[in-house]
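Asks: Produce the complete structure using the sequences and hints provided.
Protein chains in written order, with this note's numbering: chain A, 1 to 260; chain B, 1 to 260.
Simulated from the structure, these hints should not be mistaken for lab results.
Please note that the accuracy of each hint is not assured.
List of simulated lysine to aspartate or glutamate pairs, EDC-like, C-alpha gap at most 16 Å [unchecked claim]:
#1 A:K225 <-> B:E255
#2 A:K225 <-> A:E15
#3 A:K225 <-> B:D198
Cβ-to-Cβ under 8 Å is the rule here; a few derived chain A residues that face chain B [as the list claims (entries may be wrong)]:
#4 A7
#5 Q17
#6 I215
#7 R229
Beta carbons are placed, not taken as given, at the ideal position from N, Cα and C, and that holds for glycine.
Number of protein chains: 2
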Amino acid sequence: MTHRILAVALPPLPEVQPGDDLPALIADAWREAMAADADMAPAQGDVLVVTQKVVSKAEGALVDLRTITPRPEAVAFAERWDRDARQVEVVLREAAAVVRMDRGVIITRTRHGFVCANGGVDASNVAPDTVTLLPEDPDRSARQIRGGLATLLDRPSEDVPAVVISDSFGRPWRWGITDIALGVAGFAPLDDQRGRPDTTGRTMRSTIVAVADEIASAAELASGKTSGRPVVLVRGVVLPAGAGTIHDDVVMPRENDLFP
Amino acid sequence: MTHRILAVALPPLPEVQPGDDLPALIADAWREAMAADADMAPAQGDVLVVTQKVVSKAEGALVDLRTITPRPEAVAFAERWDRDARQVEVVLREAAAVVRMDRGVIITRTRHGFVCANGGVDASNVAPDTVTLLPEDPDRSARQIRGGLATLLDRPSEDVPAVVISDSFGRPWRWGITDIALGVAGFAPLDDQRGRPDTTGRTMRSTIVAVADEIASAAELASGKTSGRPVVLVRGVVLPAGAGTIHDDVVMPRENDLFP
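Replies: Laid out in structure tokens, this is it:
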């Protein structure tokens with residue numbers, strides 16, 4: 001273990017449209033980075049973190065708000081809290097369950113099992129009257145991007161980067177959003193250290209590190225929200241061996257959760 | 001903005017004892033890193049992330065469990081869930097409120113306002129029959145470490161690193177822990193981007209990024225839990241200007257929270 005992590009935002013991508021070949025756009029940006037700095041060539045253990053927004057755009061997970069007729073509940077909530085009733089309607093349609101709906105905030109459980117503000121429906125960095133939805137299956141999105149890159153990069157298979165699809169979520173009890181992983185490909189998203197000795201030799205009983213989420217947060221620091229750089233190369237992380245998905249490994253089943 | 005973040009764990013610290021001069025130990029480790037790699041010399045914008053464990057040890061925030069007589073409630077909970085009743089007792093003593101106490105898990109609100117498992121009381125990486133408590137005022141701890149380093153490093157004041165005190169917290173709805181910031185010194189822990197234009201020129205309405213928490217997560221990737229490297233240098237982050245504390249800026253007041 002090198003104890004050294006590098007997170008570098010790749011050059012900006014062109015505006016992504018539905019149907020675009022996202023792996024090709026990412027590979028182009030990566031080649032541009034390599035042309036400027038040979039150290040950026042793919043290496044074993046690399047992770048590419050791709051923000052949800054460009055994945056949703058490429059997959060066409062967009063809604064034209066001009067086509068949406070909000071239900072009365074959405075109109076009332078929007079009027080009271082100065083929001084767009086059509087967007088509120090989309091949030092409610094996307095929700096498997098409403099966890100909280102108060103003070104202008106709607107927190108839902110999506111059909112993926114994510115609990116987040118507005119169910120991931122987002123109007124930032126998209127055209128007017130348009131919102132993005134979360135990708136239908138972000139783990140599948142990650143696998144598809146990784147598969148596309150494997151072909152495009154023409155590198156040995158051990159140098160095909162892992163992929164994380166990231167998004168910004170709030171959390172209870174603390175102000176501010178942090179980036180977390182919606183989907184992964186190429187590594188196990190949790191590092192289960194239970195049973196390993198700590199520095200005193202005592203066996204750790206409860207340490208399971210959400211490595212994929214920490215990678216997403218590190219990537220956010222390199223990209224920022226307004227730079228048009230939706231892809232970040234993260235290098236140096238000791239990736240937990242094996243495969244896995246956010247859906248199966250990280251999303252907590254309702255019956256295990258102590259919270260609503 | 002360089003769009004390039006580096007996180008490097010400093011060499012291991014000696015075992016920290018109550019009363020130790022933690023800034024001096026950190027400065028020694030940093031000098032050792034510099035001796036091996038001149039690029040490690042302090043630079044503007046550097047952040048040192050220090051894990052709670054060594055801060056608590058240096059401050060003597062330790063409890064000898066042999067001195068603890070558990071209350072009946074702690075004994076019953078410990079017997080049912082195979083835990084140490086004395087540790088359960090300490091968790092209850094440290095709690096301002098118990099948020100959940102079920103299935104062997106105790107989630108409390110500490111007097112600092114943190115909501116976390118076991119109220120931050122932790123038996124890992126400490127001597128047998130000993131637990132660490134959270135630092136009394138982690139923002140103050142961060143300021144003290146930063147003040148000590150300012151003297152020790154003998155660098156221009158703009159090169160005195162910012163400091164984050166980190167800890168590993170679980171969260172609702174997702175498995176796994178991520179490192180977050182308990183205290184900060186030298187920058188504002190939130191980057192309030194509300195009012196700034198996004199890439200399409202639309203004004204962002206709700207984006208407040210928890211930069212300090214993301215820095216803590218990035219640092220965890222570089223240190224790991226079992227390496228004896230409790231201090232990580234994080235470089236390249238665009239630190240939000242100004243000052244601030246986790247207590248005042250990040251801990252959400254009860255009346256603003258939609259969760260228990």
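Asks: For each hint, tell me whether it holds in the structure or not.
Replies: Checked hints:
Restraint check: the Cα-Cα separation between K225 (chain A) and E255 (chain B) comes to about 29 Å, which exceeds 16 Å; the hinted pair is violated. The straight-line distance between the Cα atoms of K225 (chain A) and E15 (chain A) is roughly 15 Å, inside the 16 Å bound, and the hint therefore holds. Taking the CA atoms of K225 (chain A) and D198 (chain B), the gap is about 7 Å. The hint holds against a cut of 16 Å. This hint holds: A7 (chain A) has a C-beta 4 Å from the nearest C-beta of chain B, less than the 8 Å allowed.
The closest approach between the C-beta of Q17 (chain A) and any C-beta of chain B is roughly 14 Å, which is over the 8 Å cut-off, so the hint fails. Annotation: interface hint on I215 (chain A) holds; nearest CB of chain B at approximately 7 Å, less than 8 Å. Against a cut-off of 8 Å between C-beta atoms, the interface hint on R229 (chain A) holds, since the closest Cβ of chain B lies about 6 Å away.
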